[in-house]
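Enquirer: The residues making up each chain are set out below.
Protein chains: 2
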Amino acid sequence: MPYLEISKNNFFYNHKIITKAITPKNSEKIAIVLKDNAYGHGITEVATLAKEVGIQTAFVKNIQEALSIAPLFKNITILYPNSLPNQSALKSALNIPHIAFCVPSLESLQDYPANTSIELKIDSGMHRNGITKEQLHEALTIIQAHNLRLKGIFTHNGYGDDLSSAFYAQNIEFLEIKKEALKLCAHFKIPRPRFHSLSSSGAMRASAFNATLPQELQDDLFRIGIAFYGYNSGSLEIPKLKPIASLFANKISTLKLEKGASIGYSGVSTLKTNGSISTYDIGYGDGLFRLREGMELYTAEGYRILPRASMDCISVESDTPKVCVFNDVRAFANAFKTIPYEILTHLHAYIPRIIV
Amino acid sequence: MPYLEISKNNFFYNHKIITKAITPKNSEKIAIVLKDNAYGHGITEVATLAKEVGIQTAFVKNIQEALSIAPLFKNITILYPNSLPNQSALKSALNIPHIAFCVPSLESLQDYPANTSIELKIDSGMHRNGITKEQLHEALTIIQAHNLRLKGIFTHNGYGDDLSSAFYAQNIEFLEIKKEALKLCAHFKIPRPRFHSLSSSGAMRASAFNATLPQELQDDLFRIGIAFYGYNSGSLEIPKLKPIASLFANKISTLKLEKGASIGYSGVSTLKTNGSISTYDIGYGDGLFRLREGMELYTAEGYRILPRASMDCISVESDTPKVCVFNDVRAFANAFKTIPYEILTHLHAYIPRIIV
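Chains as they are written, first to last, in full-length UniProt numbering: chain A, 1 to 356; chain B, 1 to 356.
If you are wondering where the hints come from, they were derived from the structure by calculation, not from laboratory data.
Please note that the accuracy of each hint is not assured.
Which chain B residues face chain A? A few, computed with CB under 8 Å, are given here [unchecked claim]:
{"id": "1", "residue": "Lys35"}
{"id": "2", "residue": "Leu67"}
{"id": "3", "residue": "Pro71"}
{"id": "4", "residue": "Asn75"}
{"id": "5", "residue": "Ser105"}
{"id": "6", "residue": "Met126"}
{"id": "7", "residue": "His127"}
{"id": "8", "residue": "Glu138"}
{"id": "9", "residue": "Gly264"}
The C-beta atom is built at its ideal place from N, Cα and C for all residues, glycine as well.
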């Protein structure tokens, strides 16, 4: 059986690093992003660890994720409430006052009954989800008419990982949005909502500047995802973090083979010396990326993983009962020209996640 | 909400093509491979369709998959019984006489109580899972001593997709294994087990030859996976099949943008004309592969999908309420230098599968 070990110590270590790197040094400002099964790490497992370090605010993907961790946090926001709709789950979530629903368009403001907590998503230059600054007036008109509770106004800075001026331009744009929002809230007699816009690398870059703003214009929290899981995103120099997930797989069978033997589909790997080749029980059908010819990847112990990977197993130059496929996913991410998040979120939910 | 439509008509069409392409034209020889959530298509949905066309034999990955479709087939074999072990599920499966367990090593013969149905996996040259021909004698000794029921002896020809002689060499090797197995079965007074070795493309290439062998040396069934799902594997000329899965996603929000606007993470896409860009609710966190800069992919309607994809959404040059992300996964597979199976099996199980 393959399984993911989640290191409690590394999670606690990352929490310390993150708290140090963000201004002010106030744990209450740090929210954890638990969407997509906690970036593949297991939402209930990571939520438990987050609770242990005192995190009170979480962001999740859908209603089911919110319900699964509802007792553990003071504030939960569902970022994509329509991504897996289910009427009875929706009804349950609407009855839990500390669950808020992200609203990315004027039309979706119509989806919710009176007294629902919502957070309004604004586009501040990434041009992905959200309403425009010009639509804020209409949004607040609907919010007041429908008696919705405006818990937050937020955006996502899509340039946190880039050393370009676009990151700062988007921060300035959100500052303008906050000013406009405060004016409109005063006009509509709606209490000031919380503001947030920065994720892992963005928060580390701009939280100090944020703290210099007048109190009412400051972001109130930072949405930290990938940094908790132990990865820096982008090429920025930010403090060293420790990956919290290690993927293990168990042996299926071993063959003693002679030099020159070819292995797996189309026999693309051949043995350079006599040796033992074993199969281990994780494959691309489990969501791991599929090694193909030309790729050089090794287990954490240093055993070569032989291309091509199969749907349900990999062949490894080893005969140990189990192997650690990775304890740092960056080598996989590099081999597949992608980012750690993609390798991690693809791992299927049925793979057990075990806190160690 | 994203969802996968599974086309009943295309499945029935593929079944007809497969039946025509395989010798003898006998539906009973055709087994369906439903492992890994039916290659990502939804195991219960595809099992229902397979039952409707009269398929009686299925291969699954783990115990949970076997239990989920147990009433629908006469014969079910669990290919990787240890891939997701669970004592109570195991107990249930052991009590269902038409469920057999694949045994890939001498050691794993020790795992099962008397009267368990097993299928012995033999390595015939792919050098992946299985015992060697030389270990057959010891395996049958243990099978007799433990009073196990030897339902089948099988192998996997890993060269079905290649126009090389290795495909034929492996078939000849399995023929030798079958001869040896028959001798040993006679010696141990074990009834002749069923034999099988060929999957989609292999069966289409070699089933006619198989039919020329003496009856007792013939393969008794063909394990058809990818062909049922509508894809030819490899570069062989085999009959045209129709993909059965279409992936749809619904709109989250639309922005009207001007020429030159940049979109998404790091702003890697820019608009060539004024236009509407919408986000749709599937991302790489749902198991879809992550579009990155340089990739050109279009929805089935012809709308461009803009890199980079996000964890929970994609940006598309469109403002329709929903888009068909693909109705043939080969363009995605080519863009990511992989095979259709990988794109399909990565899609997370929570995405609804709907038969149409």
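Enquirer: Taking the hints in turn, state whether each one holds.
Expert: Outcome of the hint check:
1. Lys35: holds, 7 Å
2. Leu67: Hint on Leu67 (chain B): violated, closest Cβ of chain A at ~14 Å, above 8 Å.
3. Pro71: violated, 22 Å
4. Asn75: violated, 20 Å
5. Ser105: holds, 4 Å
6. Met126: Holds. Min distance 7 Å.
7. His127: holds, 4 Å
8. Glu138: violated, 14 Å
9. Gly264: holds, 6 Å
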